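Colleague: Kindly generate the complete structure, drawing on both the sequences and the hints.
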Amino acid sequence: MKQLSIILLLFTLTLPGFASIVTLSGYLKDKANGEGLIGATVYIPVLKTGAITNSYGFYSISVPQGTYAVNFSFVGYRAQSPQVNLNTSQQLNVMLEEDTKQIAEVLVTGEKKNRNVESLQMSMEKVQVKLIKKLPSFMGEVDLIKSITLLPGIQNGGEGSSGLYVRGGGPDENLMILDEAPVYNASHLLGFFSVFNSDAIKDVEVYKGGIPAEYGGKASSVIDIRMKDGNSQQLGMSGGIGNISSRLTIEAPIIKDKWSFIVSGRRMYADFLFGTLLGVKVLKDNKIYFYDLNLKTYAQINDKNRVYLSAYMGDDYFKAGESIYMRWGNLTSTARWNHLFSNKFFSNTSAIFSRYNYNLGVPSKGSDQFDWSSQISDYNFKEDISWFLDSKNKITFGVNCIYHHFEPGQMVAGENSNFSDRKLTNYNALDNSVYISNEQSFGSRLTLRYGLRYSYFQQIGKGIVREYQNPDKPNEKEVTGEKIYGSGKLIPPGYNNFEPRLALKYMLTPQSSIKASYNRMAQNLHLISDTNTPTPLDIWLPSSTYIKPLIANQLGLGYFRNFKENMFETSAEVYYKKMKNVIDYIDGADLFLKDNLETQLLRGSGYAYGLELYAKKQEGRLTGWLSYTLSRSMREIPGINDGKAYPSSYDRTHNVSLVASYELARRLNLSATWVFSTGTPTLYPIAKYDVQGNTLYYYADRNSNRIPDYHRLDVSLNYDFRKNDRSKFKQSLNFAIYNVYARRNAYSVTFRQNEDNPNVSEATRLSIIGTLIPSITYNFTY
Amino acid sequence: MKTYLYLLLFAITALLSSCEDVIDVKLSDKDLNLIGVEASITSIDKPTVFLYKTLKVNIDEAYPGISGAVVSISDDAVPSNTIVLTEDPAKKGYYGVSTNAEYKGIVGREYTLTILTNGVTLTSKEKLAKVEPIDSIQVMPSSRGNNVFLGVFTYGQEPAGLGNYYKWDVYVNDTLIHDASSLAIASDEFVDGNYISKLEIFTDYYEKSKEAKDRKIKLNDTVYVKQTSISEFGYNFYNQMINQSSGGSLFSVPMANIKSNFTSSDGKPVLGIFTARDVSISNKVVIDQSIVSQLKKQ
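The listed protein sequences correspond, in order, to chains A and B. Just so we're aligned: the first sequence equals residues 0 to 781 in numbering that gives the first Met the number 0. Just so we're aligned: the second sequence equals residues 0 to 297 in numbering that gives the first Met the number 0.
These are computed hints drawn from the structure, not numbers from a lab. Honestly, I wouldn't trust all of these hints.
Chain B stretches covered by chain A per the calculated footprint, using a threshold of three residues with CB under 8 angstroms from any CB of chain A [as the list claims (entries may be wrong)]:
hint, stretch
1, 33-47
2, 258-272
Result set (DSBU-like, lysine-lysine): computed pairs, CA atoms no more than 30 angstroms apart in a straight line [said to hold, decoys possible]:
hint, chain 1, residue 1, chain 2, residue 2
3, B, 197, A, 318
4, A, 364, B, 283
5, B, 166, B, 90
6, A, 593, B, 225
7, B, 295, A, 318
8, A, 364, B, 197
9, B, 197, A, 286
Here the structure is a predicted model, which is why all the values come from computation and not from measurement. Quick reminder that beta carbons are idealized off the backbone N, C-alpha and C, glycines included.
Modeller: Structure (structure tokens):
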């Protein structure tokens, strides 16, 4: 009997199907400051299975009982491979130490050396903030958003335009979230800088395609930005002083290991210096400045519960003497609670608030005084759950409820003013979605992630809906009435959208893989603006009777291949995107301070396709990458160009980015970037005529010409004062030149009659930066 | 109000002098051969029409007038008052009313302009709306940051009831300031029914280095303003003219063709505008020492 039980016991122990499954879970953190590492790898070589950490540094991996060497790694850090005795499920938190030697060499990569081949996610770029600080900057400010444009498939309009065009999509099609809070206007100073202070940011992930089901709301991309949590080990300070702005960050533990905070501020000053360098005619009573303030605190209540509170506020302020002032800014705040229901069930609950507002006016007390204000605010509740079912399945599901409140404009004028008080109609909307998704591996080569997101969007009262004779073509002169909805009343129509998401990876060899993806995205917030530069006066409108949701379907296919033991990473991706309900504007549209904007809009479809080639060298003294994108972005809108397809403003046939970093000596690093982009589509006139002695022009087909191509070289030299020393206080000096060969890249080309001879017309090129701009920045960390 | 704002926004971008230069651009060689018309009738002037052919952009010539057209204007009175305009023998393409005939615009009437040329008929209709008489104008200093320039300010009542559109023509020594960048237009959208005081419709802005050429109002000049009514079409047209002339700034909108209020029997686009306006002339201000000295004081 005893022998039988022993035999049975041995039998059950040896049969793999009957062996118990245990779960190893925990957090991977940076040893120096306790920051959770996002996207780090946990890998068990003998089982050929692994996992990556989530946005909070948490991982969970389920394997058969046994003792294994478990590899914990993250780029820029020394990997650890402890033997772990996994007889029962357990939590193992690991602190990884920075590998300082590597940082200088590696610029932007994933976590494992061949992560680009192995990871299921395609069309995603991860930007590690500390590694982009060595890149040449503009005016000493390393800008996260500008650095993203160095990646394939992502472009922008050059100086004076900070909107991102991802795979032919417009600047309002990117979900830019800071600790899950949307940032509605992410540019300072009319597009020269973004609002993200890189000293406060830990991680940036940019999804151009293959967007997972947990994200929704915008058609073209997701830019997920995570703030640092704050040093939970010791006091840390960092900052810098540059040409035009200064930064200071202070982070420290309140209770070591358990409770930390970080405060990070940046302020632009020396308006005079900035002005002179840019050729601005600086006048005595002018003020231009912006500031950013990031605050965060993180507390670990116990093994199963963590709480995060983060906030961001920033403003731009502009005043021209006593003539006019403009102020615009964002305020976001997020409260989050991570809860571990078990070692396989990770939950995050978030309450989020975000507001963007602006003011514009004339300050006097006289007849021209007025103040115009506008705002958009979001109240958001979100619940996301990850269920690490087993070693082959990871299920995520969740719900997202947003209440949007829009105040497009309100004018308040004093008694003496010529202007009357005025208010444009407010809007309110409910934006709800649920999703479920599973990442499943089949064998050791194939991984599939399939998911579905369902979104429901509807306006809710108070609100007013105007009625037109022809609802398909709202015309200002054909208003037949208006319907008023009381507070809380649902305003039809509601928009339902199913958004399937699919991603597939097939490993051909350990060095190469094929990936494919499909996503359908629905966007219900629309930026109404027809200027190239994002002006603070741009208005966001919700989907409504007259504005239908923008739907984008995107298909992607890619081949990923590494060479020489992952020293070189290469990839080739192709994509095709089809868009429905794309908005464009009637000729001569008047969008400014206007009610009934639906009368200025036209609706049609768009399509974009492209090839993105990418090669990166990750090791050695010389590192960097080269990316080339060949693409097309077209629009087809009845009422424009006689309904014929025309290139959208975001169409850039060729786009090249070359980034190189060379370690000249142990403390000296030289880096350079060169970018090239086909010129923006524009209109050149084909005839001229005269009104009141002024030459006016007659134009051909929409966007049938191009302004001159854009290209620019930047270099920077970075000197670390005491690299590799054990000293905690580190200083560096960065000297950079922006636009080294002083090319006058055209922002626009317009035609005017010659000043002296009105019969002659000339093409005038406006360049925002027409010269080389040097900058010197002093940075320190403690 | 919007014009005001455009002017202010323009001032902001003017601060960013950046770099502007002239470049060579390859343009289409096609000659579109379109017809251009600039026609006007007011309550105090006789109607005038300039009919011409448009030009390719790189041609350095005056616009060629079109002769031999049959041009007539009629109103919507019953019976209609019609007059045929005759071509000025000295100026090709210019059609007007002969000196011994009388025909002026009457408030409230809708005027139809008909042009028959080369087998094509062009028509345009415009209503001549009443303009509220202007109270007065003043010429006073206006500051732009550190510098001070002379500005022309109007005073007057805006009648209640939306739908009034204005264009102010500023005359210095009987010469109209015609530049598109000085166009002063407004709708009553934000100011309906208010008494408008000290509305700046013109600023004599100039760069110090180009004062001799650019400065318009100098000592001993005489300045007066014609406050005129324009139609909603005219307001949108001049707005687009301002957009076109301020193109090339950070806030510029994409270029688009400005539709005219002419229709052609052959369907081809006709470029230009026909305006019917009521005119109210302001007081004359002589720029004397007391005004000019205020410039230096600031």
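Colleague: Between the stretch 33-47 of chain B and chain A, see if three or more residues pass the 8 angstroms beta-carbon test, and mark the coverage as holds or violated.
Modeller: It holds: at least three residues are needed, and the stretch 33-47 of chain B offers 3 whose Cβ sits within less than 8 angstroms of chain A.
Colleague: Holds or violated: residue 166 (chain B) and residue 90 (chain B), Cα atoms, limit 30 angstroms.
Modeller: 27 angstroms, holds
Colleague: Is residue 364 (chain A) within 30 angstroms of residue 197 (chain B), Cα to Cα?
Modeller: With Cα atoms ~13 angstroms apart, residue 364 (chain A) and residue 197 (chain B) stay inside 30 angstroms; holds.
Colleague: Does the alpha-carbon distance linking residue 197 (chain B) and residue 318 (chain A) stay inside the 30 angstroms limit?
Modeller: Satisfied, since the Cα-Cα distance of roughly 22 angstroms is no more than 30 angstroms.
Colleague: Establish whether the coverage given for the stretch 258-272 of chain B by chain A is satisfied; the threshold is a Cβ-Cβ distance below 8 angstroms, and no fewer than three residues must meet it.
Modeller: holds (count 5)
Colleague: Taking only the CA atoms, is the gap from residue 593 (chain A) to residue 225 (chain B) under or equal to 30 angstroms?
Modeller: Roughly 29 angstroms between the alpha carbons, so the hint for residue 593 (chain A) and residue 225 (chain B) holds.
Colleague: Between residue 364 (chain A) and residue 283 (chain B), is the straight-line Cα distance small enough, at 30 angstroms or below?
Modeller: 28 angstroms, holds
Colleague: For the pair supplied as a hint, residue 197 (chain B) and residue 286 (chain A), confirm whether the alpha-carbon distance does not exceed 30 angstroms.
Modeller: Status holds; Cα separation ~26 angstroms.
Colleague: Straight-line Cα separation of residue 295 (chain B) and residue 318 (chain A) no greater than 30 angstroms?
Modeller: Holds, at roughly 24 angstroms.
Against the hints set out earlier in the document, no violation occurs for any number.
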